[in-house]
Structure formats: C-alpha cells, structure tokens
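Chain A is already provided as a structure; the job is to place chain B on it using the hints.
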Amino acid sequence: MKESKRLNIHYYALLREKTGKTEENIESFAATPLELYKDLAKQYGFPLDFRSIRVSVNEEFQSMDTALCSGDRVIFIPPVAGG
Amino acid sequence: MFRVSSVPIDTDLLSKELINSSSGAFVCFEGRVRNHNEGDEVVSLEYEVYEGLAVKEAARIVEEAKEKFGILEVVGVHRQGHLEIGDIAVWIGVIAAHRGPAFSACRYVIDEIKHRLPVWKKEHYKHKESKWVNCSEHDGH
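In order, the protein sequences belong to chains A and B. 1 is the number of the first residue of the first sequence in the working numbering; add one for each residue after it. 84 is the number of the first residue of the second sequence in the working numbering; add one for each residue after it.
Here chain B stands alone, though its shape is the one from the complex:
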C-alpha cells in the first residue's frame, strides 16, 4: 500500500499498519531532506507528484517486491509540497518472515521508486537559483 501525503509523515502510525504475527522482521527506510547536494547548500525543497500515476506505479513495484522476495507486506508514503531540512521525504516499511528478504525488498522498493515514480524535486539553494533536479538541459544525455 502506497500513498502520497501533503502533511508530515507519522512513522509510528505507519509502523502500526505493519503488525502481523507471521512476521519476524520489520525493515524500514526513511529518506530525509539533507542540507547539501553536489556541493551546493540546500535550504529547502519542493516535491511535485503526479499522484494518479505514482500510486499506480508504486502498487506495481510493491507487487514485484512480493513476487521476488516473498515478503508479507509493504507500506510506503512519499511527501509532496514544501519540505525543510530534516523532514522525511519518503518512508518505506517492509515486513517478512525473516530479515534477509525484508532488507532486500526494502532496498528494491526504494530504488525502483526513485527511478520510476513521476515525482519531481525542486531544490532551493543558499547561494544560487532554485532548480528542478535532473532537469537541466545537459542532464540525462
């Protein structure tokens, strides 16, 4: 289950969605806003999400993770809107019978989310003009 949120992520609440007596392992990844990127000082950022497609694509990623690693459940949330340094941008929780598949699936889900979800990030810098990450003319070539 994956959703997009305009308000801060409540990790305690999300963890409670992953209580299952068959599960011996719970692994989570918390992506946070850091204060620098490629040598520039970042002061805050915006996430913009095409929510309809993002939720659909994330559901596919979760199904792939279940198929590949035999895990029990995944819960994920990605923020949209304005975020400050230290805010949680994305949270992925995975439960499985054992820790190996839980770690592998969590890594798989966050990696695929980064590459496949229609989510864009605009960084605001201390010393230069804000920009959409990966969207410069020379990027992606």
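This is chain A alone, in the form it adopts within the complex:
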C-alpha cells in the first residue's frame, strides 16, 4: 500500500505563474517525481508535457523515476533558457 508523504515543492518561471505560488507543502501519495508532476499538472493545468521537464530533489538533479521520501524538497525544471 502506498504511503502518504509530506513534500515541499518550489515553483519557478512558468510553473510559478500557473500555480500562483513560489512554494507549498503538500501531502502526496506520488511514489516518484513523474507521478507527482502528473498530479500537479492536472491540478494546476501545467501546459508542459512531462517529457520536457527535469526535476531536482533536495538540490540535486534526479531522474523522474527516483523514489520520493517524506520531507523531500522537489523542484520541477521547465526547459531552461539561460545565457
């Protein structure tokens, strides 16, 4: 059975504008960032497909299939445009 986790999520750029938030704490049953992104995309109407998104967990790039743990700080990274 899946367990609920408490996650701290920060939003940047397009995702910040779509949520109207810079961060939030949520309870989630998502096992991976991919599951979490799909849940949030549905909730907030993110226009970006998960295939164009990367993720940072606890300030390190991670796979979208990595296991999430309670207390994780998750930041989804839309396509970048620095420089």
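These aren't lab readings, by the way, just hints derived from the structure by calculation. Because the structure is a prediction, the values reported are computed rather than measured. Using N, Cα and C, we set each Cβ at its ideal position, and we do this for glycine too. Each hint should be verified, as a subset may be incorrect.
[Unchecked claim] Within a straight-line C-alpha distance of at most 27 Å, the following computed DSSO-like cross-link-like pairs (lysine-lysine) qualify:
1. A:Lys18 <-> B:Lys211
2. A:Lys21 <-> B:Lys197
3. A:Lys38 <-> B:Lys211
4. B:Lys214 <-> A:Lys21
5. B:Lys214 <-> A:Lys42
6. B:Lys149 <-> A:Lys38
7. A:Lys18 <-> B:Lys151
8. B:Lys197 <-> A:Lys18
9. A:Lys18 <-> B:Lys205
10. B:Lys151 <-> A:Lys21
11. B:Lys149 <-> A:Lys21
[Unchecked claim] Stretch-level coverage of chain B by chain A, calculated; a stretch enters the list once three of its residues show a Cβ under 8 Å from a Cβ in chain A:
12. 189-198
13. 203-214
[Claimed, not checked] Non-contacting residues of chain B with respect to chain A, defined by C-beta distances greater than 12 Å in every case (computed):
14. Ser89
15. Asp93
16. Leu96
17. Leu97
18. Ile102
19. Val110
20. Val126
21. Ser127
22. Glu131
23. Glu147
24. His165
25. Glu167
26. Gly169
27. Ala172
28. Ala180
29. Arg182
Frame of chain A, contents of chain B only:
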C-alpha cells in the same frame, strides 16, 4: 567561481579576480540582451534563477572545464531579475597559460551553462504577449 547577481555586472571588478602571473591568456564572453528574437521585437526581459542548484551545477561545469582544458581559473556571473536591451545577462572569464585552451574553455563553459543551468527567460515583446522562452507547448518535442 560562479554566482548569480540581482544588480548590473561590473566587468572591471570581475577581471581583477582573474589576475595570475602564470596566465598568458584571458578570454571573456559577455552575453547581452538583444532587441529581437525569432523575428519579434524584444523590449526587455526577466531572468529567473533557481540559485542553489544553478551555483552547484556551474561549479561542476567549471571543474569539467579545468579538467578538459587545463586552464587556471574561471569566473562567471549570471543576472536575475529585470534586464533592459544592452544589459549584460551573463559574463564568463577564463585564464590559462595559453590562448587556445582559454578560448576552448570559455566556449565550453557558456555552452554548458545555456543547456544545464536552471535559468529561465521571459521576453517582453513590442507587438505581442510576453512569454517564457522554450516553454511553449510545442517547444522541446
């Protein structure tokens, strides 16, 4: 050494961080805000940076450049916030014993920064709605 700045970049000050008597070459790249992109007239833009990860990833890029090209040092700064046309968005300075590795490393660092750093750019246009670059639904597919 790489950092994110909310205030205009002082290139003279940065150059002074790259003084080293073993270095015979100093190469720098200055990325500036231009007034057009893909046919649209740009009036200004915003950079948003996930600073914690950007600084970590840039430090990795600098270490890779040192390893690959045998250069002495790299200093880099990326702006965040509102920028006007002509403002410096990013500055990369490299010193090395000789010019070849300095040019190659500078190119490597700016190319990797563009692809890997969590930095987003929102362009404001003269004739259409502002948008986050590369973040349209059809981008990246």
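*Failing hints, ascending?*
Numbers 3, 6, 7, 10, 11, 22, 27, in rising order.
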